[in-house]
Amino acid sequence: MSLRQTESGGSASQDHTPASGRPWHKAIALVLEYNTVLIFVVMLALAASVSDVFFTEKNIFNLLRQVAGLAAIGLGMLLVILTGGIDLSVGSLTALASVLVAFFLGSMPLLPALMLTVAISTLCGAVSGYLVAARNMAPFIATLAMMTIARGFAFIISKGSPIIIEDPMLNGFGSAYWLKVPLPVFVMAAIFVLVAFILKFTVFGRMTAAIGSNETAVRLSGIRTGWYKFAVYCVSGAFCAVAGIISTSRTGVGSPIVGAGSELDAIAAVVIGGASLSGGKGTAINTLLGVLILGMIGNIMNLMNVPGYPQQVIKGLIIVFAVLFQGWQRRSDA
Amino acid sequence: MGMPESTLVEIRHVSKSFRAVHALRDVSFNVRPGEIHALVGENGAGKSTLMKILSGVYRKDSGAILVDGRPVEIQSPHAARRLGIGIVHQELALIPDLSVAENIFIKRLSGRLGFIDWHGLYRRAGELLGSLGFDIDPREKVDRLSVAYQQIVEISRELSENVRVLVLDEPTSVLAPKEVEQLFAALRNLRAHRAGLVYISHRLDEIFRIADRITVLKDGALVGTVLPTEVTPDDLIGMMIGRRLTAMFPKRGCTIGEEVFCVDGLNRGRKVRDVSLSVRAGEVLGIAGLVGSGRSEILRAIFGADLKEGGKVIMAARPLRINSPRDAVRSGIALVPENRKEQGVILSMPIRKNITMPSIREVTGSLGVIRSRKEQRLAQQYVDSLKIKTRDVDQEVADLSGGNQQKVVLAKWLTTNCRVILLDEPTRGVDVGAKVEIYHLINDLARSGLAIVLVSSEMMEVIGLSDRVMVIRDGRVAGVLEKPEITEVNIMGLAVRGSTAGAAAASQTCRRRGEER
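Read top to bottom, the protein sequences are chains S and E. In this text, residue positions in the first sequence follow the numbering used here: the first is 4, and each later residue adds one. In this text, residue positions in the second sequence follow the numbering used here: the first is 499, and each later residue adds one.
Be aware that one or more of the hints could be misleading.
[To be verified] Coverage of chain E stretches by chain S, computed from C-beta distances (three or more under 8 Å per stretch; other residues unrestricted):
hint, region
1, 825 to 834
2, 849 to 860
3, 863 to 870
[Stated by the list, open to error] Straight-line C-alpha distance at most 27 Å; calculated DSS-like pairs for lysine-lysine:
hint, chain 1, residue 1, chain 2, residue 2
4, S, 284, S, 318
5, E, 839, S, 203
6, E, 872, S, 203
7, E, 887, S, 284
[To be verified] Sample of chain E residues at the chain S side, in silico, Cβ under 10 Å:
hint, residue
8, 597
9, 755
10, 803
11, 822
12, 837
13, 839
14, 840
15, 841
16, 843
17, 846
18, 910
No wet-lab data here; the hints were simulated from the structure. Built from N, CA and C at the ideal position, the CB exists for glycine as well.
Start from the sequences and build out the full structure, keeping to the hints where you can.
Dropping the structure here:
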């Protein structure tokens, strides 16, 4: 149409992204875009400079094994946060799964015990999901309730004390290696690949992020927003079961107190990974980096013999700076 | 006009660019006391940049700004207020849960010792509103007021800070005709009190009614300042777009087919009461009525966005069960919603993902994996056919102009094989040029055999595009007008009084329902 010139005059300004222009502009834009990577690299450098043992094979794999569970719940949390929700029940569900698998092993073989544990944990997620998606309950409230309920059941089932497992398979899994890599690391990798694939290539991933960006528009496009919102809590529940089982296999006991506070670690990992708590923004790789960054903070400080209490303070500060950094990035985008 | 020499605010040869783009080039403009100065131009012409410079949001690159003849630097919105320049934005910035008085004096609520002097507050608010000629209860919560009254509250808030130059950005875009009159009364009142008003609007008829002078911008440059008595609306459009716009509304000349879609006895709350309508293939049914009369609510109830309490929706003689937008979409009904940015598009996502949203299953393989090549092609196809101006299909929708965003919404629905399109204010916030393009699109869609229901607050749009017009009053069908009777007078008659001289006041029924079965 004849009005093209006037219109393009108006929209031309948007064609200039901050990255265009001089090379160092581009470099800055690149750094800001991948700031989680940057923080990660800085942490690595820091780790290498303060400790000789950090970059040893043993320490690296130890670190990875330690964060495998957090990675699983963090990636589930990412899906929930992408829809604009939050799942506070992940720590308790991890404990419930840890207890359940040990409990079931008392009366059945490993495979059904694992399957039943995953099923129950998923069901717990489904209850949260139902409350959020179908009953319009605020995610914070619904999962807060599930958090105390699941923790309560973990104590009830275990009668308040750890259940020792005797299954050699499960007992061995947590500390076993394949090709020198601890087995839980493979589980972590598998979950990461799965979530990354879902987010990048599937309708499920597309709608998850879309709902967090503008739920009304998605609903008015004829999409079952409720179904997707329900589903992410189920997935989160299932991933908690994985984390719980890993924990049990590593320690040899089903414990009702594991995962205390890990909902906050999971949220922190997602946020350090640049995701927006209001939904719609976040990637699997960045969340994984967020998990690793959190894990490294503890690891480095352990290597440096920093006591536990200062560790918490430093962890908090790093979260603050990571998010501030992302704030600068957003402003430079505008 | 009074003393032509005295100006409240004068802008001299102001330029502003953002990186390589000249948003304003050498623009001069002034506001005199006691005048309403209209500022017109297409989106992107530089109106809002100019106003943002005036109100301290942006800094000018060069040129001068004079207030009361003295050069000033306006470095912040706060500084602008101190100089007596206020702005009322298109999106109202009121706090809905607070009272009228609290909103007006929001920055100076506390009196002695930090306590609020409620009596004084209400009294002063009442006086201020009264001086504008309005009897609004200062104790009323703002969200219980009509939009027009909310606007008056917003204007009062500016006036409470001794503003002498007031910029109004598209103040009537959400107002019904009656409310426009109320606003105009207030503006005339302000003019009589020697305030200077800058009135930004796309609605030319209003500009000719209220403006004392009109300044036209195009591509960031000044086209000219004219008196409304010197020019015709066509002249003005010519100045805005650089050519004369002879046919805003294209003639269609297409045959209207069988009835495809009808609604019988639709009910939902107080806004939709016993509404029946029927649309034929290739037909545009306009729905007119005052703002708040229930027009949008009818579309939402049909589409399942709000649950209906009663009534049937029938497509091609088959009754549909619609309890959600998903049901509607699967039945071949599409809705272009009223509020594009909040309901129509996902601003932060690329065009491609927006366009394929409702038809994502069409480009999905096994296991829910999106076939990106196919998706790309589908999106590109509609970007081309609807002439969406963009670098590529991966550009974010937020980067597009309003008109192009609206085309993305239309494209979204065209990827589905819908048979009925419900259009709710399809050209709101869209500049004149893009409006014409959307009008052509609507006609093309009708010609291709779609049944179209069009809700619009712009009278000319309803009259220009519709084959029939249904007028809604207080949630009920006040009457249906056929071609020769579709006039502004008849529509307004039905909308305001519920009757008109030559209108068939009977409600629509599903004519062919009985015959088909």
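Here is how each hint holds up against the structure:
1. Given a C-beta distance limit of less than 8 Å, the hint that chain S covers the region 825 to 834 of chain E holds, as 4 residues qualify and 3 suffice.
2. Note: the region 849 to 860 of chain E has 5 residues with beta-carbon separation from chain S under 8 Å; the three-residue rule is met and the coverage holds.
3. With 5 residues bearing a CB less than 8 Å from a CB of chain S, the region 863 to 870 of chain E meets the requirement of three and the coverage assertion stands.
4. About 23 Å separates the Cα atoms of residue 284 of chain S and residue 318 of chain S, which keeps this hinted pair within 27 Å; it holds.
5. Taken as a hint, the residue 839 of chain E and residue 203 of chain S pair is honoured in the structure, with Cα atoms around 25 Å apart against an allowance of 27 Å.
6. Taking the CA atoms of residue 872 of chain E and residue 203 of chain S, the gap is near 15 Å; set against the 27 Å cutoff, the hint holds.
7. With a CA separation close to 26 Å, the supplied pair residue 887 of chain E and residue 284 of chain S stays within the 27 Å bound.
8. Because the beta carbon of residue 597 of chain E sits about 28 Å from the nearest beta carbon in chain S, more than 10 Å, this interface hint is broken.
9. With a cut of 10 Å, the hint placing residue 755 of chain E at the interface with chain S is violated, because the nearest CB-to-CB distance is about 25 Å.
10. Because the closest C-beta pair between residue 803 of chain E and chain S is about 6 Å apart, less than 10 Å, the hint holds.
11. At its closest, the beta carbon of residue 822 of chain E sits 8 Å from a beta carbon of chain S; the interface hint therefore holds under the 10 Å criterion.
12. Interface hint status for residue 837 of chain E: upheld, as the beta-carbon distance to the closest one in chain S is roughly 9 Å, under 10 Å.
13. Among the interface hints, the one on residue 839 of chain E holds; its C-beta lies about 9 Å from the nearest C-beta in chain S, closer than the 10 Å criterion.
14. Interface hint status for residue 840 of chain E: upheld, as the beta-carbon distance to the closest one in chain S is roughly 6 Å, under 10 Å.
15. The closest approach between the C-beta of residue 841 of chain E and any C-beta of chain S is roughly 5 Å, which is under the 10 Å cut-off, so the hint is satisfied.
16. A distance limit of 10 Å between C-beta atoms decides the matter here; for residue 843 of chain E the minimum to chain S is near 6 Å, and the interface restraint holds.
17. This hint holds: residue 846 of chain E has a C-beta 5 Å from the nearest C-beta of chain S, less than the 10 Å allowed.
18. Annotation: interface hint on residue 910 of chain E holds; nearest CB of chain S at approximately 7 Å, less than 10 Å.
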